[in-house]
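Protein chains in written order, with my numbering: chain H, 1 to 492; chain Y, 1 to 206.
These are computed hints drawn from the structure, not numbers from a lab.
Worth double-checking, as some hints may not be accurate.
Some chain Y residues flagged as far from chain H (calculated, every beta-carbon gap over 10 Å) [what the hints assert, rightly or not]:
1. K32
2. G76
3. R85
4. V93
5. E127
6. T144
7. Q150
8. V151
9. L154
10. G156
11. V164
12. T176
13. L183
14. D201
15. P204
Listed below are the simulated SDA-like cross-link pairs for lysine to any residue, each with C-alpha atoms no more than 25 Å apart in a straight line [claimed, not checked]:
16. H/K331 x Y/K169
17. Y/K36 x Y/A136
18. H/K353 x Y/W95
19. Y/K56 x H/E107
20. Y/K56 x H/H336
21. Y/K169 x H/G58
22. H/K331 x Y/D52
23. Y/K56 x Y/G96
24. Y/K56 x H/R279
25. H/K453 x Y/K56
26. Y/K169 x H/Q33
27. H/K331 x Y/W47
28. H/K378 x H/D416
29. H/K331 x Y/H196
30. Y/K36 x H/E107
31. H/K16 x Y/G137
32. H/K266 x H/D284
33. H/K353 x H/R279
34. Y/K56 x H/T32
35. Y/K36 x H/A96
36. Y/K32 x Y/G96
37. H/K453 x Y/L15
38. H/K179 x Y/P58
39. H/K331 x Y/F60
40. Y/K32 x H/K331
Predicted model only: the values in this text are computed from it and were never measured.
Don't be surprised by glycine CBs; every beta carbon is placed ideally from N, CA and C.
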Amino acid sequence: MTGPARTPQATRSDAKPRTLVEKIWDDHVVATQTGAPDVLAIDLHLVHEVTSPQAFTGLRQRRLTVRHPERTVATADHSVPTTPRSLPILDDLARAQVDQLTTNCREFGIPLHGLGDPAQGIVHVIGPQLGLTQPGMTIVCGDSHTSTHGAFGALAFGIGTSEVEMVLATQCLLQRRPKTFEVRVDGRVAPGVTAKDIILALLAEIGIGGGTGHVFEYRGEAIRALTMEQRMTICNMSIEGGARAGLIAPDDATVAYVEGRQHAPKGRAWDDAVQAWRRLPSDDGAAFDRSVTLDAAALEPMVTYGTNPGMGLPISASIPDPDSLADGTQKRALEHALAYMDLRPNEPILGQKVDVVFIGSCTNGRISDLRLAAAALKGRKVAAGVRMLVVPGSDEVKREAEAEGLDEVFRAAGADWREAGCSMCIAMNGDQLAPGQVAVSTSNRNFEGRQGKGGRTFLASPLTAAASAIAGAVADPRRLAGIEAIAGLGGR
Amino acid sequence: MPERYETFTSRVIPLAAENVDTDQIVPARYLKITDKAGLSDALFHDWRFDADGAVKVPAFVLDQPEMAGRRILLAGDNFGCGSSREHAPWALVSWGIQAVITTSCADIFRGNSLKNGLLPILVDPEEHRQLFERVAGDPDVELTVDLEAQVVHLPGDEDLPFDVDPFSKLILLRGTDELGYLLGQAPAISAWEAAHPARVDTRPGP
Chain H
1 MTGPARTPQA TRSDAKPRTL VEKIWDDHVV ATQTGAPDVL AIDLHLVHEV TSPQAFTGLR
61 QRRLTVRHPE RTVATADHSV PTTPRSLPIL DDLARAQVDQ LTTNCREFGI PLHGLGDPAQ
121 GIVHVIGPQL GLTQPGMTIV CGDSHTSTHG AFGALAFGIG TSEVEMVLAT QCLLQRRPKT
181 FEVRVDGRVA PGVTAKDIIL ALLAEIGIGG GTGHVFEYRG EAIRALTMEQ RMTICNMSIE
241 GGARAGLIAP DDATVAYVEG RQHAPKGRAW DDAVQAWRRL PSDDGAAFDR SVTLDAAALE
301 PMVTYGTNPG MGLPISASIP DPDSLADGTQ KRALEHALAY MDLRPNEPIL GQKVDVVFIG
361 SCTNGRISDL RLAAAALKGR KVAAGVRMLV VPGSDEVKRE AEAEGLDEVF RAAGADWREA
421 GCSMCIAMNG DQLAPGQVAV STSNRNFEGR QGKGGRTFLA SPLTAAASAI AGAVADPRRL
481 AGIEAIAGLG GR
Chain Y
1 MPERYETFTS RVIPLAAENV DTDQIVPARY LKITDKAGLS DALFHDWRFD ADGAVKVPAF
61 VLDQPEMAGR RILLAGDNFG CGSSREHAPW ALVSWGIQAV ITTSCADIFR GNSLKNGLLP
121 ILVDPEEHRQ LFERVAGDPD VELTVDLEAQ VVHLPGDEDL PFDVDPFSKL ILLRGTDELG
181 YLLGQAPAIS AWEAAHPARV DTRPGP
């Protein structure tokens, strides 16, 4: 039987008020020894083909088994092609990696949702979809965007391959308690401004290293108003602010999303679980180590102009001028970024020419993201000369989109409708920019070469990406006819 | 398993860029491996090589002839941000780097480095600025990294103390690894698991 049976200490009236993160931490400490990090129990371990092979090799060398294969689940996502599944994987290295994952899962008894399995997809899309991701859990994966699962009020963070091996062998990790960072987003966003814009605005505010050593907790009216999929978009990019994890306290929306999913608790266990989840939100008066507040009503759609996700701008703004900065590393970094991006200071970001539009990734590859993009594209065409790639985050998202006819909308607009995977977000599978090409991408990283060597990336929301595909240049989705109706389609 | 982390002396590779992400340290297309071989060729690949695979002119700092054999990387703030790929420290270590001196490191990169015999040494911004100046003025200046004493020795009897997590320090000095320690916790793990039922079962249901 599954389901949490512990009694949270938060109910003690004499207890010090605790944050959501502190409660989850306390619930999972196996052992504490002076001078050593805590031994932290891990509830769910997600595995994919790229960061796991060396961990399994390590297990074999030490003659170890996987302690809890039934708390582990694997999928192939990073290096898989998004061409029809009837075609073979042409890249020998990628095929060997996917085959190795299959071998490893079979040998160690780990459930695998590989290519052709109806539950295959990006690891951070399928976890929530299958009901594996639940509030109050500790969740890890050899992938920095594991922070996505924080949307459910789970402590979820990326780990390296050595740690993958540790979790496989012991279902535990050695961890120091992180500091906490409250991110409060008050008010409500305007139509055309999305969860992606909120997180890009936060990153522009605090910078790419602003959350190092901390775990974010997103709070406030604008966060509460978000659907679960929108919350996942926000938590997903916590790592781009340097925070390994970012959480949102569970509420009715969380419970409604999890209920009835394949691996969610059932019957009596469900009732017990929900009762425990209701005690997770940070106590009144709980102290955070740091805090920042954003005003949602003041936000515009955001676009990045530089070579890290913290280099973002409101879409009506102009590209910053290095000459406005004092001499130093900041100025040199801006000059370097603008040179790489081939952008000129003080020009508007609006109207910058675009070659490729990518909709997908663990940030924005869910059904509500595709609905938004399709609504913006319906009855319109992708501009001549622009290649648009739409890659569903999972096979289930693909089936759902096809049942709703979204694939037809994309195809009719001139976009390419693909199979599920990480695709052009990480450009390991052949979906990539050519040197010098410019993309508007709904993914999470605009690092140099991230989407293909020499490629240039503007990060933006699915709405902004779709508007830009139509215009053939960076475009403001708020100027699309019928934006109020379109923006209302992001529900769920 | 890493070797014991011994005190060593080396000249310095200066890399002033801030926010050096792990996609620069090892581009993603080099992650399609199932072992750790060949990563020193992938290290900073796109900063080192032209489209046709030739070393860039002027050469990236790593490829400058006088940098050969240097084991200390002096890097800008927030080094190793981005992806969790452990390939980044694997590549640095296979190149021969044993310490990265900077003002801050990304959390995941720092953890990965400490598990692979790569020591992140964090100094304050003023000390960092002075170190860069020192290396600019005397590119062949030799530093000695003494983990046991937690100091970087500079010529002229200057010592730069640094903090390190005591547990990570012990692991590095002994050349052991965390997995061995965790395996030793098996009784505590079993006791904890007996009192805490699994929250989820990943096996396909009936």
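To see whether the hints hold, each was checked on the structure:
no.	hint	result
1	K32	violated (4 Å)
2	G76	violated (6 Å)
3	R85	violated (7 Å)
4	V93	holds (12 Å)
5	E127	holds (15 Å)
6	T144	holds (26 Å)
7	Q150	holds (15 Å)
8	V151	holds (20 Å)
9	L154	holds (22 Å)
10	G156	holds (26 Å)
11	V164	holds (12 Å)
12	T176	holds (13 Å)
13	L183	violated (6 Å)
14	D201	violated (5 Å)
15	P204	violated (6 Å)
16	H/K331 x Y/K169	violated (36 Å)
17	Y/K36 x Y/A136	violated (34 Å)
18	H/K353 x Y/W95	violated (40 Å)
19	Y/K56 x H/E107	violated (45 Å)
20	Y/K56 x H/H336	holds (17 Å)
21	Y/K169 x H/G58	holds (22 Å)
22	H/K331 x Y/D52	violated (31 Å)
23	Y/K56 x Y/G96	holds (21 Å)
24	Y/K56 x H/R279	violated (58 Å)
25	H/K453 x Y/K56	holds (15 Å)
26	Y/K169 x H/Q33	holds (16 Å)
27	H/K331 x Y/W47	holds (20 Å)
28	H/K378 x H/D416	holds (15 Å)
29	H/K331 x Y/H196	violated (53 Å)
30	Y/K36 x H/E107	holds (21 Å)
31	H/K16 x Y/G137	violated (54 Å)
32	H/K266 x H/D284	violated (31 Å)
33	H/K353 x H/R279	violated (50 Å)
34	Y/K56 x H/T32	violated (51 Å)
35	Y/K36 x H/A96	holds (15 Å)
36	Y/K32 x Y/G96	holds (22 Å)
37	H/K453 x Y/L15	holds (21 Å)
38	H/K179 x Y/P58	violated (43 Å)
39	H/K331 x Y/F60	holds (20 Å)
40	Y/K32 x H/K331	violated (35 Å)
Violated hints, listed in ascending order, are 1, 2, 3, 13, 14, 15, 16, 17, 18, 19, 22, 24, 29, 31, 32, 33, 34, 38 and 40; each of the other numbered hints is respected by the structure.
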